[in-house]
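There are 4 protein chains.
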Amino acid sequence: MQTAKAAVMPDFHQPLEVRSYPLPDEIEAGAALVRVEMAGICGTDVHLWKGQLPIPRPIILGHETVGLIARLGEGVERDWTGAPLAEGDRVTWSAGRLCGLCYNCSVLRQPTRCLNRSAYGISFASDEPPHFSGGYAEYIYLRPGTAIFKLEDVSPEAVLGAGCALVTAIHGLERMQVGWGDKVVVQGSGPVGLAALAVAKSSGASETTVIGGPAERLELAREFGAEHTINIDEVPEPAARLNQVMRLTGGRGADAVIECVGIPTAVAEGLEMCRDGGKYLVLGHYGDAGTTPLNPHVITRKQLTVYGSWASEPRHMAAAIDFLRKQGERFPFDRLISHRFPLDQAFEALQTTARWSSSKSVIVP
Amino acid sequence: MQTAKAAVMPDFHQPLEVRSYPLPDEIEAGAALVRVEMAGICGTDVHLWKGQLPIPRPIILGHETVGLIARLGEGVERDWTGAPLAEGDRVTWSAGRLCGLCYNCSVLRQPTRCLNRSAYGISFASDEPPHFSGGYAEYIYLRPGTAIFKLEDVSPEAVLGAGCALVTAIHGLERMQVGWGDKVVVQGSGPVGLAALAVAKSSGASETTVIGGPAERLELAREFGAEHTINIDEVPEPAARLNQVMRLTGGRGADAVIECVGIPTAVAEGLEMCRDGGKYLVLGHYGDAGTTPLNPHVITRKQLTVYGSWASEPRHMAAAIDFLRKQGERFPFDRLISHRFPLDQAFEALQTTARWSSSKSVIVP
Amino acid sequence: MQTAKAAVMPDFHQPLEVRSYPLPDEIEAGAALVRVEMAGICGTDVHLWKGQLPIPRPIILGHETVGLIARLGEGVERDWTGAPLAEGDRVTWSAGRLCGLCYNCSVLRQPTRCLNRSAYGISFASDEPPHFSGGYAEYIYLRPGTAIFKLEDVSPEAVLGAGCALVTAIHGLERMQVGWGDKVVVQGSGPVGLAALAVAKSSGASETTVIGGPAERLELAREFGAEHTINIDEVPEPAARLNQVMRLTGGRGADAVIECVGIPTAVAEGLEMCRDGGKYLVLGHYGDAGTTPLNPHVITRKQLTVYGSWASEPRHMAAAIDFLRKQGERFPFDRLISHRFPLDQAFEALQTTARWSSSKSVIVP
Amino acid sequence: MQTAKAAVMPDFHQPLEVRSYPLPDEIEAGAALVRVEMAGICGTDVHLWKGQLPIPRPIILGHETVGLIARLGEGVERDWTGAPLAEGDRVTWSAGRLCGLCYNCSVLRQPTRCLNRSAYGISFASDEPPHFSGGYAEYIYLRPGTAIFKLEDVSPEAVLGAGCALVTAIHGLERMQVGWGDKVVVQGSGPVGLAALAVAKSSGASETTVIGGPAERLELAREFGAEHTINIDEVPEPAARLNQVMRLTGGRGADAVIECVGIPTAVAEGLEMCRDGGKYLVLGHYGDAGTTPLNPHVITRKQLTVYGSWASEPRHMAAAIDFLRKQGERFPFDRLISHRFPLDQAFEALQTTARWSSSKSVIVP
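Chains as they are written, first to last, in the numbering used here: chain E, 10 to 374; chain R, 10 to 374; chain V, 10 to 374; chain X, 10 to 374.
Keep in mind the hints are simulated off the structure, nothing from the lab. There's no promise every hint is true.
When the alpha-carbon atoms are kept at most 30 Å apart in a straight line, the in silico DSBU-like pairs for lysine-lysine are as follows [to be verified]:
| no. | chain 1 | residue 1 | chain 2 | residue 2 |
| --- | --- | --- | --- | --- |
| 1 | R | K335 | V | K335 |
| 2 | R | K59 | R | K159 |
| 3 | E | K14 | E | K59 |
| 4 | V | K335 | V | K59 |
| 5 | R | K59 | R | K14 |
| 6 | X | K59 | E | K335 |
Output of the computed footprint for chain V on chain X, the stretches with three or more beta carbons under 8 Å from beta carbons of chain V [unchecked claim]:
| no. | stretch |
| --- | --- |
| 7 | 302–315 |
| 8 | 336–343 |
The following label-pair restraints were derived from C-beta to C-beta distances [said to hold, decoys possible]:
| no. | chain 1 | residue 1 | chain 2 | residue 2 | range |
| --- | --- | --- | --- | --- | --- |
| 9 | E | N125 | V | P93 | 51 to 61 Å |
| 10 | V | P245 | X | P247 | 51 to 61 Å |
| 11 | E | G296 | V | R118 | 47 to 57 Å |
A virtual CB, placed ideally from N, CA and C, is assigned to each residue, including glycine.
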């Protein structure tokens, strides 16, 4: 019986440790075994480590992964877009698996809220077969029904630099359509903010302002095409930031504002930045960060529409890969990757992300 | 020079008093002089009297009015829908006048936010000619460009029972479309709540729940077709009300929730009542009632869309009159009128509304 | 081995004949065996009999069916809405089965165009087990994945009177939303036309005109709430019908026009009936009836939006049943059923429908 | 009394001739006199010359114009976007004037169908004062209510190279939104086709195919970013073109197809190029070019949505100018201008356009 290594989180708040598990002898029909090339560390992994979601333990974290197909189960002949699949192909996949048939999938048509949803790196304990269900490992076992995508002409760095931020942004901006010619404000310059900027710019936003920091991130935002940036270190007062946005929008406010911060106060601040009849997208609140004082009269008087969007569907991953392939030069997501760690330093990788001292860290097993 | 009487508010917080002003000698082209038959007291009038908006004084309040055309200016041959107009015709009109050409009207297409907006009963001081610019008076002078509507087969009681609540609800539910088959919760059983209920029911809502009080109002809600009512006096705990809504919606939450309360805490409560992918309309916050603690994560996780809608446009008035004419039996708005006052008791009428001790008070000059 | 009878179509254009097939010994997990109570004859069955779609033969037709559960496979404990299911329950089901995961289901979100779609009464030959896959039979075998709906407080007559016309109309009017207050024209007074009328009326249409015939159908349309009807026998000229519609809509044309005829010329006629900025729904062209001369300039100049909608999804069936339960008195679909036939007269039933001499025929095995 | 020259069309089918008219002595409040710098010849001018619309004669054609403000009427202090205006400023304007208050403007919200609409170069006879109401002249008199736009950092060549094609495309693609990531087919490579391509590309189209000719136009399409082109001279068979589109879209058809040809047969051809659930925009049929055989079943079975869009509103001109300023390098519309004529050769300019032997001709008075 062959074994392979994985960085395992024994419990919340505990250091990751490298363990060995047996690889599956047999690959079910519809499944695939993948040799991990590179796994991304997402900010969400830090929240998971802190116990902010009730996940099973021990667990192999990692929901952003690129690998090479080692073995294919029966019937897996094509990827999710119809491209032929073979052993050795480089692939990524949608971390969330959905059923397509439950009430939320088929009646409400909210597949991200699938009642049978499970996600690699989040839903599966590692002490039960097939063990390998997260990205921080040498191998990962993809169950039947996983949306697999063959990667051609796209580097692992681009895929992981974009990570789950890009699919989150694609989904969010599908719900709150940025209109052609819109003036757009992005609150936040982390991965989600930069991804939202890229999607907004390529959706026809005529002028974009990114509010965030530190300076290097804003520099990257400008490279991604932001016409204006506001550094929160330099402009720490919300009222002063609002003033700047008003000045940049002819005193009217932005057509669309996208929250990519995850801090509740940002929402009240951002609503004030919208023009009459404007749009606001709450995109950064995947996790529960508590309440903030908010005035509903602003929504009424300005006749705003406020959108929420959570996680993403496989079709957003398909769109993301296509986007990276075609517009990778205009939006160099690969440049977000700042740190690389071997598998046995997975805990350091996580800690680096937890200290927000990296743009994006990856594990190269 | 002929004179007529009006109930004038000399300043904020002061009793209304009856004054006489000269009627205009001449009616401008495009204008009309109307003999007031009946004028509604709106909850907004109470807020205006308390000084919550910076309006001119002295002023004749009253933005819900029905009257008979006394004199027509040159060129006023048809009402806003194209029906022929003559002296003696019974009419009402859209209180808000908009220009159709400013940036907000023609670019942003948010005519309720018209940069040149003015409104009868709100924008005009009574000590300047033409003096008569509010409903609490024997006459009112309609300036050129007012959207006038001839009333046929609709009683003044129905028009004023519906008042500005119905046009507000029609506008709001145009923005947040109630889907055919939706389960709808209405927060509030005042005039706006009942109007929202009527529009939701007639838009295809399959099941409606009204949360409010007192009991008589909920009784009226049931007559308007509400399948369920929750009396806030009997269920004072938000958590208990949420439980009831969840029970009534198969544990999923409502497809659409409409806030018609004007109290900020209702918004946080109502967002929790939405299903995944549901809709929420902030309709009751015409005025600024301050902030409330709100959790943005709810909007993201549930993938909600939250709408704001403010006041109404003339086309909503056209739709309201048509609705009252055709569906007046199903939705007997005339029955909301509970108190009638002569013009010299206008202040009592206002106080009755301020004490919320009436369903709807009107002045019959 | 137990057997049961079915009316089988041996080939196109051949009389149906009653045959016996063995009932399945075993019910797969997820499946169900149902004793047919009543099966509807749909106009589409006539088209199928004429060979207008390439379906397998021999076949048991019938895609509108109500029955009692005879046996339940393992794991079938609840119906599609979550209601508990037991043997003896009265049920109906969505004839079309979809996968939820193919490209058309999950990327394009067009589940009626599911790449793995199959439909009872249309897709399965009767000479292979489980044989019973259409409604014209004593039993029907529901494969795993069928969307089953328990019927309570709804009669088989209502369900089959509505038939696949109602779900088709619900789907169509989900795509082309009838706005609250819209003036609507329905072209056609057959089952689809009446169903579209019912959905439009209950969606807030303020005034409806049904164009069709014969007189009894238009009488039924008026009972369903149509304000106006135009009898094509009395007004055979398209120009005269257009004139009537213009007169009924103040010379402007209808806000929304719904084609429920299936005759191509109706489309060119109906587009002219729309107002500037109006909407048109091509709903009656499930089958291919060829081309018609059409002027694209009309679509441009009037700034129309034209919608197509094909078949329906399970969620439309859920909505239909809820609608029949709640609004069955306002829209008495059960009254459409005009003829009943025993199973051995299935061919006569089909011929009656083919001659359009019935409102709706059903088979009662 | 000062006079100026204009190229006048005495009647349909007659050569244009240069005439002199007196310039207005006085400029009304709200009006402006503009010295024409450059006027575009639009394909529509050819149709007008042929008598395809019932316009007054004699007339000065020209609805695409750039000029310098010679004199400003009282009250004209700012342009339509709020920028300060002074004599000597370079400006353009929206040829169509709308009222903002008629039924079509304010109820139906279809301002291009304004009941009081008039347009420079189309609606005004030149033998009545103020005479100068078209672009083919030394001066043009802009009546009160004209939406004037100050031009800064945009060349007259860019504005006229884009001409009314760009505003038409912006309006059309506002109605039929190109989704981010959509595969788009543009039928036609004339000015409207290239403009539609530019708007689609900048709206997030992931892959575009332009069908048209001749080769130089397709070359320009590729410079505007078209990934694929199909030359109708090389692929004259509709079936072969459909095959190519299917091959380029993975056998599924395009997400969105935009008709910019004006020939009715293109519409039937283009509908077949759409994917299931796709979108189709009829944009090239400003004029009435008659009927074509079309199969409504295609719209139903594919569940298409078909949009019409006619002319444009002032806000589209505002967006166009902003777009030319910001994205002029990516989409070099100025390069479309291929021929320049002095005013006394206006008829040759028109004939050159009539022979389709120019990309775009302009008059430089």
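Here is what the structure says about each hint:
1. For the given pair, K335 of chain R sits about 22 Å from K335 of chain V by alpha-carbon distance, which is consistent with the 30 Å threshold.
2. Under the criterion of a C-alpha separation no larger than 30 Å, the hint pairing K59 of chain R with K159 of chain R is inconsistent with the structure, at around 33 Å.
3. Distance restraint check for K14 of chain E and K59 of chain E: the Cα-Cα separation of roughly 23 Å lies within the 30 Å cut-off, and the hinted pair is therefore satisfied.
4. About 37 Å separates the Cα atoms of K335 of chain V and K59 of chain V, which puts this hinted pair outside 30 Å; it is violated.
5. For a cut-off of 30 Å, the pair hint linking K59 of chain R to K14 of chain R stands: about 23 Å separates their Cα positions.
6. For the given pair, K59 of chain X sits about 46 Å from K335 of chain E by alpha-carbon distance, which is inconsistent with the 30 Å threshold.
7. Using a Cβ-Cβ cut-off of 8 Å, 14 residues of the stretch 302–315 of chain X lie near chain V, which meets the minimum of three, so the contact claim holds.
8. By the rule of at least three residues with a Cβ nearer than 8 Å to a Cβ of chain V, the coverage given for the stretch 336–343 of chain X is violated, with 0 such residues.
9. Distance hint check: the CB atoms of N125 of chain E and P93 of chain V are about 20 Å apart, inconsistent with the given range 51 to 61 Å.
10. Checking the proposed 51 to 61 Å range against P245 of chain V and P247 of chain X shows it is violated: the Cβ atoms sit about 35 Å from each other.
11. Separated by about 28 Å at the C-beta atoms, G296 of chain E and R118 of chain V break the suggested range of 47 to 57 Å.
In this structure, the hints that do not hold are numbers 2, 4, 6, 8, 9, 10, 11, in rising order.
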